[in-house]
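Novice: Sequence:
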Amino acid sequence: MGSLLFTIILEPALQERIFYRFVALNHVSRWVLKALKTTAKKVLGVDYHETSKDGVITLEPVYCLGNCACSPSVMMNDKVIGRVTPEKIDNIIKAVKQS
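Take 1 as the starting number for the sequence shown in my numbering and just add one per residue.
Because the hints were derived from the structure by calculation, they are not lab data. Cβ coordinates follow ideal geometry from the N, Cα and C atoms, glycine included. Keep in mind that a hint or two might mislead.
To be verified - Here are the computed lysine-lysine pairs in the PhoX-like style, where the Cα-Cα straight-line distance is at most 20 Å:
| no. | residue 1 | residue 2 |
| --- | --- | --- |
| 1 | K41 | K94 |
| 2 | K42 | K53 |
| 3 | K79 | K94 |
| 4 | K97 | K42 |
| 5 | K53 | K94 |
| 6 | K97 | K53 |
Unchecked claim - FRET-style restraints, in silico, Cβ to Cβ:
| no. | residue 1 | residue 2 | range |
| --- | --- | --- | --- |
| 7 | V80 | R30 | 26 to 34 Å |
| 8 | D78 | Y48 | 12 to 20 Å |
| 9 | A95 | K53 | 16 to 24 Å |
| 10 | Y63 | Q98 | 25 to 33 Å |
| 11 | A95 | C70 | 16 to 24 Å |
| 12 | N67 | N91 | 16 to 24 Å |
| 13 | Q98 | G45 | 24 to 32 Å |
| 14 | K41 | N67 | 14 to 22 Å |
| 15 | S71 | K42 | 13 to 21 Å |
Please model the entire structure based on the sequences and the hints provided.
Specialist: Structural data, given as C-alpha cells:
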C-alpha cells in the first residue's frame, strides 16, 4: 500500500490516468454513456462531456474498455456492451430514456 501511495504522489500523470478518469469534473446525468467512436455523438447530438438536451444521458470518451474481442464497445454506467452498431446504440438510448 505504501508503494502505491508513493507512486501516486511522485507521478501526477499516473494519478490522473488511474483516478481522475472515474471522477466527474462536470455535471453528469443519471446515465453515462462512455464510447470509443463518434457514432454515439451523432445519435445523441452532443459532444463528449456534454449531456443530452433532455438531461438523461451524458456522453464521455473512453480509450479502452478491455473488450477488443467484441469491439466496437460502449459502456453504459458500469455495463460494457459489445458488438455495437448504430442501431444497437439507438436501442440502448431508447431503453435508457424509457426507464
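Novice: Compare the structure with each hint and give your call.
Specialist: Cross-check of the supplied hints:
1. K41 with K94: Holds, at roughly 15 Å.
2. K42 with K53: 13 Å, holds
3. K79 with K94: 16 Å, holds
4. K97 with K42: 17 Å, holds
5. K53 with K94: Holds, because 14 Å separates the two Cα atoms, which is no more than 20 Å.
6. K97 with K53: 12 Å, holds
7. V80 with R30: 26 to 34 Å: Given about 18 Å between the Cβ atoms, the range is violated.
8. D78 with Y48: 12 to 20 Å: Holds: the Cβ-Cβ distance is about 19 Å, inside 12 to 20 Å.
9. A95 with K53: 16 to 24 Å: With Cβ atoms ~18 Å apart, the hint holds.
10. Y63 with Q98: 25 to 33 Å: Between Y63 and Q98, where Cβ atoms are some 30 Å apart, the hint holds.
11. A95 with C70: 16 to 24 Å: Holds - the Cβ-Cβ distance for A95 and C70, about 19 Å, lies within 16 to 24 Å.
12. N67 with N91: 16 to 24 Å: With a Cβ separation near 18 Å, N67 and N91 satisfy 16 to 24 Å, so the hint holds.
13. Q98 with G45: 24 to 32 Å: With Cβ atoms ~18 Å apart, the hint is violated.
14. K41 with N67: 14 to 22 Å: 20 Å Cβ-Cβ, so the 14 to 22 Å window holds.
15. S71 with K42: 13 to 21 Å: 18 Å, holds
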